[in-house]
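2 protein chains.
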Amino acid sequence: MTAFKDTIRAKNPRPVDTAGVSDVPAVRRDGVVHAVNLREGIIDIPGGLRLHHGARLEAARLGWRMTGPAAAPIVVVLGGISGHRTVFTLDPARIGWWSEVVGPDLALPTDQLQILAFDYLGGSGETTGPSNGEWFPAVSTYDQAELLWRLLDHLGIKKLHAIVGASYGGMVAMAFAQRYRERVSRLLVVSAADRAHPMATAWRSLQRRIVRLGLDSSRPEAGLELARALAMTTYRSPNEFAARFSGEPHEIDGRFVFPVEEYLLARGEDYAKRYQPDGFLILSESIDLHRIDASQVNVPVTAIAVREDQLVPIADMRALCARLPQAELLEMSSIYGHDAFLKECRQLKNLFAAPLGLVSGAEGTP
Amino acid sequence: MTAFKDTIRAKNPRPVDTAGVSDVPAVRRDGVVHAVNLREGIIDIPGGLRLHHGARLEAARLGWRMTGPAAAPIVVVLGGISGHRTVFTLDPARIGWWSEVVGPDLALPTDQLQILAFDYLGGSGETTGPSNGEWFPAVSTYDQAELLWRLLDHLGIKKLHAIVGASYGGMVAMAFAQRYRERVSRLLVVSAADRAHPMATAWRSLQRRIVRLGLDSSRPEAGLELARALAMTTYRSPNEFAARFSGEPHEIDGRFVFPVEEYLLARGEDYAKRYQPDGFLILSESIDLHRIDASQVNVPVTAIAVREDQLVPIADMRALCARLPQAELLEMSSIYGHDAFLKECRQLKNLFAAPLGLVSGAEGTP
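Chains Y and F supply the protein sequences, listed in that same order.
First residue of the first sequence: 265, per the working numbering; consecutive thereafter.
First residue of the second sequence: 265, per the working numbering; consecutive thereafter.
Because the hints were derived from the structure by calculation, they are not lab data.
Take the hints with a grain of salt, since some may be wrong.
[To be verified] Coverage of chain F stretches by chain Y, computed from C-beta distances (three or more under 8 Å per stretch; other residues unrestricted):
hint : region
1    : 392 to 404
2    : 411 to 420
3    : 466 to 479
4    : 489 to 498
Where is the CB? At the ideal position from N, CA and C, for every residue including glycine.
All chains, please: the whole structure from these sequences, using the hints.
Written as structure tokens, this is what we have:
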């Protein structure tokens, strides 16, 4: 994990590769040799970026990563605000954020598809973002969409086979399709609507306030830990917590600590080691600022909704699909709520296959 | 409101009235003269208190308040952790925490019932609690029940007509009935179960961590504000927030502030002016420590459950009633979720009347 943590936290200026392409050797996994055909790089955005909410970045750079057979259809994969360009890897440490879903023979099969991803603007990755507490402008999902559009031009990609976006990534996917419909054939949107629900905005606003309390008190990690712990309560479902955390509390210095509290704090501490408060603030705000015009998303959309999702209620997904010109809604159930996209890999495999036109029955054969 | 704020915040040692009884004149309201017949006082608990979780308070005092016609049935009224002995008042400022429910011709008619209430142990009122950041032991709902039992002895009350408890107060009511079933004829329990749901414990644990972050950073009010703001998201329902807070954010210094965020912060600020972080920590922990044996609550219980309650899920109320030996479950719907007990005064009036044996049809007549 160390290499990944360093990458995520690194924000030092470095020489920019304008087309940094590196091939890695084939990797053996499950007795099968897979060629990842990795290409990745950091590009300068010529002329900087004029952002949707009015600010201007004079210079901007973009970190991207692509894998897969050169002739295969290209699918852009976008995750939540903690997602990044390293969607999957084949090494045993599995540091990709979606390694259970993207890979050989998985829901997004890397032997059938080229997978393209990038670090979000304003986040903790290699793309331009805040650092060292400096002010950074508000970022819209339209800005992420513009970055992707610029990346496609840079890579010479005329039209994507699909964008698969979950959570924030689903919002970005819809923003892209509204603006650049000629550049993508289809969207798969998991747990993301045309705007955030006010209760979700409530929870995220408070997370940002907690992070700021930490920053203002010179305890940035403590604030980010608590904010992430709170976020975890919204990512999961009450039923999951009831099943896992009904045990008794234990006493420490005369105060009681509850099993669910220990779990949340551990998740928060882990997160605060890997991400920066600044990037969290920008991308969290970006979710709440997200507003697209669903009626203008004129590409086929497969929307996947989770009935137990507290953050993106099923009613909002149904309303989204009623406004989208070409939508099919697939509803699923998961005790993991909003995090179903990270956990329900088998269900996703079934749901992704048809809209992506994937060949099934090829499991395990080279 | 000022008088009430001062009362709640006052924690200075003062001479203790062992049976401070004060009569107030009759009050005119809605053209009708009502005699409140107020008695209140602060009593010493002889011998202190041995607490359920093992600590011992060498000295303890208890603030109580009682109103109503001397011969009327006595009902103890207990609210959430922000509740206190001033359940209602007749003055226009209405500083009682349940003034919409308790009063002449209301759901708990003060002309038909004597209403008894007390400040919780460990809270911000006149009963013993923490102050000035000093350590205070963990408090159980059984400890609150013991205080009430001592209060009944002090006042010479052999048996209560009922205890009406909502939220934390419902937990205390059940703890009392399990321990002292001979002292109460019936319980009305609104939105309270035999133990807290792990998701609710998750949210409260994080509220306590936020308060401690504020205390540790010498920003106690900031921490309490955020904790209360977070609590508000759990007291209400997503549907209420969707109906109220779908407006656009506004920009302040390049950052966006959302309508729901402003609302929550305003509620938090208001709360932090009136309550102490220390008392919040103790009573919040007490909710999560609450565990009673429902099978031993051998009095008739009318349980009132709100389907939209995020904090006390309806499934937990149904399971509680399955374990209680003598329970009737009344389910209601409210966009206010857990806060329905503060908002749905008409529904409560209908639901309270039969179990309390109240005379109906006397509306508005003196």
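Given coverage of the region 489 to 498 of chain F by chain Y, tested with a Cβ cutoff of 8 Å and a minimum of 3 residues: It holds: at least three residues are needed, and the region 489 to 498 of chain F offers 4 whose Cβ sits within less than 8 Å of chain Y.
8 Å C-beta test of the region 411 to 420 of chain F against chain Y, three or more residues: Our answer is that it is violated, as 0 residues pass the Cβ test (under 8 Å) against chain Y, missing three.
Coverage of the region 466 to 479 of chain F by chain Y, judged on three or more residues with CB within 8 Å: holds (count 8)
8 Å C-beta test of the region 392 to 404 of chain F against chain Y, three or more residues: Per the Cβ count (3), the hint holds.
In this structure, only the earlier hint numbered 2 is contradicted, and the remaining ones agree with it.
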